[in-house]
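Top to bottom, those sequences are chains A and B. Numbering (the working numbering) for the first sequence: 12 to 227. Numbering (the working numbering) for the second sequence: 13 to 555.
Treat the hints with caution; some may be incorrect.
[Claimed, not checked] Label-pair distances were calculated between CB atoms; the ranges are:
{"#": "1", "chain 1": "B", "residue 1": "Asp448", "chain 2": "A", "residue 2": "Gln133", "range": "20 to 30 Å"}
{"#": "2", "chain 1": "A", "residue 1": "Ser48", "chain 2": "B", "residue 2": "Ala280", "range": "47 to 57 Å"}
{"#": "3", "chain 1": "B", "residue 1": "Arg92", "chain 2": "A", "residue 2": "Asp19", "range": "37 to 47 Å"}
{"#": "4", "chain 1": "B", "residue 1": "Arg288", "chain 2": "A", "residue 2": "Ala64", "range": "46 to 56 Å"}
{"#": "5", "chain 1": "A", "residue 1": "Gly153", "chain 2": "B", "residue 2": "Ser461", "range": "52 to 62 Å"}
{"#": "6", "chain 1": "B", "residue 1": "Thr210", "chain 2": "A", "residue 2": "Gly201", "range": "27 to 37 Å"}
{"#": "7", "chain 1": "A", "residue 1": "Pro90", "chain 2": "B", "residue 2": "Arg383", "range": "18 to 28 Å"}
{"#": "8", "chain 1": "B", "residue 1": "Asp174", "chain 2": "A", "residue 2": "Gln128", "range": "35 to 45 Å"}
{"#": "9", "chain 1": "B", "residue 1": "Ala387", "chain 2": "A", "residue 2": "Gln128", "range": "22 to 32 Å"}
{"#": "10", "chain 1": "A", "residue 1": "Asp19", "chain 2": "B", "residue 2": "Ala387", "range": "54 to 64 Å"}
{"#": "11", "chain 1": "A", "residue 1": "Thr141", "chain 2": "B", "residue 2": "Ala387", "range": "43 to 53 Å"}
Derived from the structure by calculation, the hints contain no laboratory data. Just so it is clear, CB atoms sit at the ideal spot from N, CA and C, and this is done for glycine as well.
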Amino acid sequence: MTLSVHLDTLGSAQRTLLRDLRLAVPPGAVLTLMGPSGSGKSSLLAAIAGTLASVAEGAQALRFKGRIHLNGVDLTHTPTAQRSIGLLFQDPLLFAHLTVAENLLFAVPPGPRAQRQAAVQQALADADLTGYGERDPATLSGGQRARVALMRALLAQPRALLLDEPFSRLDAALRDQFRAFVFEHIRARGIPAVLVTHDRADIADPARVLELPHAG
Amino acid sequence: MRHPLAALLLLIAGLPLLVTGALALGALFDAGAWQALAQEPQWPRALALSLWTGLASTALAWWATRALLAQAFVQQRLARLLRGLPAMLATPHAAFAIGLAFLLAPSGWVLRALSPWLTGFDFPPPWPTTQDPWGLGLIAALVLKEIPFLLWTAATQLQRDDVRQRWQAEHALAQTLGYAPRQAFDRVVWPQLAPRLTGPLVAVLAYGLTVVDMALVLGPASPPTLAVLAWQWLQDADPATNAQGAAAGGVLAFAVGVSVALWRAGQALAARHTRRGSGARGRTPAAGPVHGSRGAWLLVAVYAAVLLALAVGSVAGVWPFPALWPDTLTLQAWASVWASRGTVLTTLGLAVASAALALAWSVAWLEAAPRRWDAALRPLLYAPLVLPAVLWVVGLYSLALWLRLEGRWPALLLAHTLMALPYVLLALAPAYTGFDPRYRAISDSLGRSRAHFLLRIKWPLLRRALAASAAVGFAVSVAQYLPTLYLGAGRWATVTTEAVTLAAGAQRSLTSAYAGLQFVLPVLGFALAAWVGRPRRFTVAPT
Chain A
12 MTLSVHLDTL GSAQRTLLRD LRLAVPPGAV LTLMGPSGSG KSSLLAAIAG
62 TLASVAEGAQ ALRFKGRIHL NGVDLTHTPT AQRSIGLLFQ DPLLFAHLTV
112 AENLLFAVPP GPRAQRQAAV QQALADADLT GYGERDPATL SGGQRARVAL
162 MRALLAQPRA LLLDEPFSRL DAALRDQFRA FVFEHIRARG IPAVLVTHDR
212 ADIADPARVL ELPHAG
Chain B
13 MRHPLAALLL LIAGLPLLVT GALALGALFD AGAWQALAQE PQWPRALALS
63 LWTGLASTAL AWWATRALLA QAFVQQRLAR LLRGLPAMLA TPHAAFAIGL
113 AFLLAPSGWV LRALSPWLTG FDFPPPWPTT QDPWGLGLIA ALVLKEIPFL
163 LWTAATQLQR DDVRQRWQAE HALAQTLGYA PRQAFDRVVW PQLAPRLTGP
213 LVAVLAYGLT VVDMALVLGP ASPPTLAVLA WQWLQDADPA TNAQGAAAGG
263 VLAFAVGVSV ALWRAGQALA ARHTRRGSGA RGRTPAAGPV HGSRGAWLLV
313 AVYAAVLLAL AVGSVAGVWP FPALWPDTLT LQAWASVWAS RGTVLTTLGL
363 AVASAALALA WSVAWLEAAP RRWDAALRPL LYAPLVLPAV LWVVGLYSLA
413 LWLRLEGRWP ALLLAHTLMA LPYVLLALAP AYTGFDPRYR AISDSLGRSR
463 AHFLLRIKWP LLRRALAASA AVGFAVSVAQ YLPTLYLGAG RWATVTTEAV
513 TLAAGAQRSL TSAYAGLQFV LPVLGFALAA WVGRPRRFTV APT
């Protein structure tokens, strides 16, 4: 299950953010994308996830030219909902009107009720949050919310994971813990992941770092 | 066509708006009407009265808003100032005018409270305190009704965290340069806030110049303001007089345009003056306990008195002059309201249906239309807010005639929905367009369909804004006077048409009852919206 991106250009009509970029991430590996603000890191993630339209809403529309393959299948024109690519943002973005368990249940694919509930309970246990299912997400700590967000992304059984500075809002101690937690899950699942960050300490694998240049 | 749904929606709302506007302006191309108007001796004075009441009320409301905001900002009591606003905003213009008329009338509470110990009156004096020929009562009512609106629009700017923090920092900085708090507000905060209030201000100015229902209750009578005069002509049986009324509406539209231009020129001049400044620092008040804002209290007190006057008035039986309280209380007025409950049902039916239609359209539009389209449509949508109502109903009526709907319920529904639409969209748009697009990305990446996302995530999360904007649409519909009477050809009565019509007569209790209902219905709407939009109560309490 390799994620490969073959990018010709990414940018708006006025400004090209990125051009001629190739990347391939094997299963279980984490590619770290670094670069200055505005270099197009997050836009690249949005292009891979197929959510460019929502990123560019209001401002200039961004266009992606190139190909995205996952496990040899061309996903370039597949709608986001059918790509099976998970997303994790800076903010946990838990749905405020749902309990923690309902947030997780939202991600579980259709199936027998008991089985879906069991998946949620298992995820809560994995996140060290057993018994927190009925809580209002707003009552969780920052670290707990981050873990729920990761669990929610994983429950949809993604075949790749995109991480958009998911550690930057956490304080130093939590950050190390949560980073280890995320990388461990990615390895265990054997899915490719792309991580965008400003912080060298976040680099998962020094052999897999891509520095994006200034946009020009 | 890349956005078929948005195009369809544009057609549904844009076409009637455009046709109505075109028909209204088309009625002005009638040379005979203009000649008739030119020979009509009353209108120049009526126009002068309209300009006087509209401009004076706008200037006073603007000045009072600035003073109240400055005080609240300097004392950091903004939240407190805004607490009473929702009820004031929900009070319909006509109901407020009627209540104020009852307070100010020679037999009203104000004079009762002062008689006979101060005034020596044992009978109500024959004073023209309501419908005074100078339009002072109308100006007072307009000022009091527009202050909450301006405060509220200013508050939506000031309550954005990023904006407030920056302005507070700049305000503090100006004080470190030696400016007194109030001076610092005038020099630093207000010049940044005022330009953002231009839209609401234009609406206030246009409303003040063209209002009919309030002017019928409180405004001068002979001559009346030009809007009332036009309205009388429009209701005439003679088509030539109707055309003359439309022409007077055209004069009003022109007056609105000129007034807006003059106002903005004056504001630009004042802004230039402020920017240069004299360097005077103002006097810093001596340290000590800060006194509460008396202006804000006065505003609340007037609204409370108006509503109390309506409530007591609706159950008052025999009530001899200087007595502060009626001798007998009776439910007769409410019994006759109940006897003609069809009126209330018509009001409710129209309000629910038009609010629902306006909400459904607004949600679909905000969901489907590209931002560029939305920005392009806004000026057209605001046409009903800025065009004089007397002119707007002319267009609506022509449209209804053409659709063969005049005097029928669907015509009323069309008119009410078109009026509610801009308000509902204005109320909903900030929350709806501000919805974090990353939620959609998350939902998509979890493999959920768009319908699932809308039904399970977005609309539930926006429940409060959706309910509140529906309530706004409901309130706008309840308050409609001109379109209801004119398109209903007098065959449909709502609580608003009843209240305004009765206000001309002497039945204080029945008028109060209908005016009270006119206030109660929207308040119930807002209360229901607050209940529907309440945040979810999670069963497990945080430990």
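To see whether the hints hold, each was checked on the structure:
1. B:Asp448 / A:Gln133: 20 to 30 Å: holds, 29 Å
2. A:Ser48 / B:Ala280: 47 to 57 Å: Cβ of serine 48 of chain A to Cβ of alanine 280 of chain B: about 38 Å, so the range 47 to 57 Å is violated.
3. B:Arg92 / A:Asp19: 37 to 47 Å: violated, 58 Å
4. B:Arg288 / A:Ala64: 46 to 56 Å: holds, 47 Å
5. A:Gly153 / B:Ser461: 52 to 62 Å: Violated - the Cβ-Cβ distance for glycine 153 of chain A and serine 461 of chain B, about 31 Å, lies outside 52 to 62 Å.
6. B:Thr210 / A:Gly201: 27 to 37 Å: Once the Cβ atoms are compared, 59 Å apart, the range 27 to 37 Å for glycine 201 of chain A and threonine 210 of chain B is violated.
7. A:Pro90 / B:Arg383: 18 to 28 Å: holds, 21 Å
8. B:Asp174 / A:Gln128: 35 to 45 Å: holds, 42 Å
9. B:Ala387 / A:Gln128: 22 to 32 Å: Between alanine 387 of chain B and glutamine 128 of chain A, where Cβ atoms are some 46 Å apart, the hint is violated.
10. A:Asp19 / B:Ala387: 54 to 64 Å: For alanine 387 of chain B against aspartate 19 of chain A, whose Cβ atoms are near 32 Å apart, the range 54 to 64 Å is violated.
11. A:Thr141 / B:Ala387: 43 to 53 Å: holds, 50 Å
Violated hints, listed in ascending order, are 2, 3, 5, 6, 9, 10; each of the other numbered hints is respected by the structure.
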